[in-house]
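Whenever a hint applies, use it, and build me the whole structure from the sequences.
Sequences listed follow chains A and B, in order.
So in the numbering used here, the last one in the first sequence is 657, and the numbering has no gaps at all.
So in the numbering used here, the last one in the second sequence is 1599, and the numbering has no gaps at all.
If you are wondering where the hints come from, they were derived from the structure by calculation, not from laboratory data.
Below, simulated DSS-like cross-link-like pairs (lysine-lysine); rule was C-alpha separation at most 25 Å, straight line: (1) Lys347/A x Lys1559/B; (2) Lys611/A x Lys637/A; (3) Lys1416/B x Lys474/A; (4) Lys1552/B x Lys310/A.
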Amino acid sequence: MNITISDNWIREFLETPAKPNEIAKYVSLCGPSIERFQKINDDTVYHIEITTNRIDTFSVYGFAREVSAILPRFKIPAKLKPYEINKNPKIEEDLNFTIIGNDKLVKRTMGVVLTDIQNWETPSWMEKRLISSGLRSLNAVVDITNYVMLEVGHPTHAFDYDRISSKKFIIRESKKGETITTFDGKTYQLKGGDIVFDDGDGNIVDLPGIIGTQNSVVTNNTKRVFFFIDNNNPAKIRSTSMSLAIRTLAASINEKGVDPELGEIAIYKGIELFQKICKAKVSSRIFDNYSNPYKERSVRISKNFIDQSLGVKLNKEEISKYLTSLEFKPLWQKDYLLVKIPSFRALDITIPEDLVEEIARIYGYHNLPSKLMSGDLPDPLYKSRFKFEYTVKNIIRAFGGVEIYTLSLVPFNFTDQKALKLTNPLGKETEYLRTSLRLSLIEAYYENKNTAEEFHLFEMANVYLPKNNNLPDEKMQIAGIFCNYNYRKAKGIIESVLKELNIDATFTQKDNKYFQPSKGLMIKNKNDCLGILGILENPELIYYEFDIEKLYKYYKPYTSFKSISKYPPQIEDLTLILPDRTKVGELVQSIKSFNRIISEVEIKDIYQNAYTFRIKYQDPHKTLNDEEIKNLRIKLLHFLKEKYAAILKE
Amino acid sequence: MREEIINTKNQAIAQITETKDLQEIERLRIEYLGRNGKIAYFIKKIKDIKPGERKEIGILINETKNTITKLLASQKNRIKQSIREWFDPTIPGEKIEIGHLHLITQIIEEIAYVFEKIGFIRVRYPEVEWDWFAFGSLNFPKDHPARDEWETFFIDAKPHPLYGNMLLTPHTSSGQVREMLRAKKPPIRMINIAKCYRRQSDISHNPMFHQFEGLVIDKGINITHLKGTLDYFAKATFGENIKTRIRPYHFQFTEPSFEVDFSCTLCQGKGCKLCKEGWLEVGGAGMVHPYVLKAGKIDPKKYTGFAFGWGVERILMMKPNLNIPDLRQIYSTNLEYLKQF
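Quick look at the structure:
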């Protein structure tokens, strides 16, 4: 959450010779991060990022306090001025109103009636400051409420006293289905359990801490203002603001837990400004319902714990000094430090670690040494699959594969089985978790479809298979598509990948819903399916998909050594005329298993029906002579003629 | 005559060895060895010599003839060999295409290697996670405003009775408690690199991205060790001149929490368009919150730890001169882009 504050506003509470660039640089090192600062005329505006736990610095005064603690660590003097305020304004009338509180919903309620509003024009100094903080200037009454919020850190509100005819506020929870119309004319239906102000007649006159309603808000005709401060239950504010999607600045502050002690400062500051700018009169007593005021808490921390957490030893005075500069009250009791927590840090500082952070950051993280840890190593034998996955990718890459990363989130038409659905997708295109990589790869093909050359895209990623009452099965797959590839070449690459991984695999023709009839293969190790390969229906691409877990199961990092034969092989090419529809893979297998001395068979060439096979004959025990080869060849050709009607081409 | 033969021989040797072309060799062959050549002339003349000297002159003529013949042959070869065959070694090579590993794969391997060298164990935890691991165990109360920054995608599924809603993990920090429960006992040095998802898409965000999470838990781990680890990673990845710093920040699951900056990898910290006064924001880090240790069944009185979780894409984009303008470009499936790396 970012706040922008002008430099001259901060200096109203901060005495320092520091230049704006010094403030930006040093405060960022030890406190809130100043994202940037820019000079505007004779002022400078800081853009400050405030983290959710430090809503106390989301104000001019709160930020000035941080700056005052940090700058002295960089040898620049800085002093926070006390917030001076008149707590005894002259009360000129006693107009009545009734507030019926509810401690669980609103921790502190304050209100005062201001009458005789004479001026509606915002003075230019105030307008400038509001604009530099990114707010619009509307009229003096509304601007005062915003100005107080930014300066003090507590949101405030102004009602039109005359529009609340009952002069009564009952703080209650909304009922489901009740409606409100906000000051900008939008109507909302409440979910129930929201904090609302009721005028006693069942009319909702405010959505406190979030937004004002049309029926009670000040207008330019307002003569009497009911200036109001409510410190609400932050969880309730959060819930209402999120459910109605009304994210006002007040709601963003209130949901983070504002210090109720600030309420008093805010109301007196508001009164002062109403008197000064609007020439208003204080026309009621100052109502304050604060039944459980902040009781100062303490956190105890040992010197030893501080030293160990920081990795350096600081002396006690130093530690006390840093904490005091942030308005903590530290007290050493031997080697223990008892730290009293100011109200504005009550939610943030609850455990010793929280104090360590305060000490360490003011000391300066940049002043701490840096070193690698010593100590035992965690289980260095821990087994994982990462190296294997990288090996697979590298092999595919070596064969020309180009790796892609596509989004796991896909549209409904990408799912062909039960898939997980998002409740809050960015759009229809990314509504489901994919169960296959296929359509993502095809989409990537379309992006490159005008490429004339062959290309091979692959991806290794999880698919998400839903399970009952449990997280899905996140199955890692490797899948790819070959475009403009000859089928034999593509299949050859897949065969080589498996061979590189030393995985025994058989390719069996098997129809699959993705592939054209007869144009699919199932790749198995014994009876275990590793993956599929085939030609897709549309577009006509060669696609493969493997389950990484299965590949890993059958992967061997190396094979066993086979002794190199002392006896030379004989190699010959045989060209066979094969009848139509011969399954050549099967035929090659038949040749291989025909005789033990046939050690290798490869297809060397294909021309129409003529297939040239290169056959390697080798006997591990002796040199083969021509006669033996000739006899074997005759038998082989006979066998092939019988079984496949294959005829030797003369 | 003897002197005449010797002179002829010397003259022939001189002429032949100086010859650079084959026609000239042929002319010399005819001049010396031809039918009307000098050797033939000496042979004819032999009859005019005194019989007692004939034998000696005969041997000399023969020897001269042999010498000239050999020399002609060898000079002929030499000339032939010296004619260069025309060859263009500068012709562009035939394209042998190797494929390409994606930039994300490359940087993930680099990150993993850097951490594995100092004893970190690489793990991977679910992308589809229960609320408890992604938030609850990390000290995010239900509906806490701090959750807003983790713009989370939720899954339309029945919530777990203990672990709450099913969601897409918005950070690798969801692996912290899983790793504690797996390891059971410190020391823990984890590097968890995985896909994460957030409900955002613009120039610097893709709804799917990658993070790497470091987690170290042991006795006596403190801020100086976190600083040391960051320094080591920065220098190992971007060079020894890179500096690091940590600044205060807030995360629910670390205390203290930090924002980590590296000195700019492009301008070396001088200040440029890419950086903020010489520094680049890298990501968050912090000392593991005792609440989180307890959730992981580790005694916070005995053990302390630190953690950091950063964008893989961020580290990639910080590589000097890579010049990828838009984070979404990283995930393009355009071949022209993919083939560049």
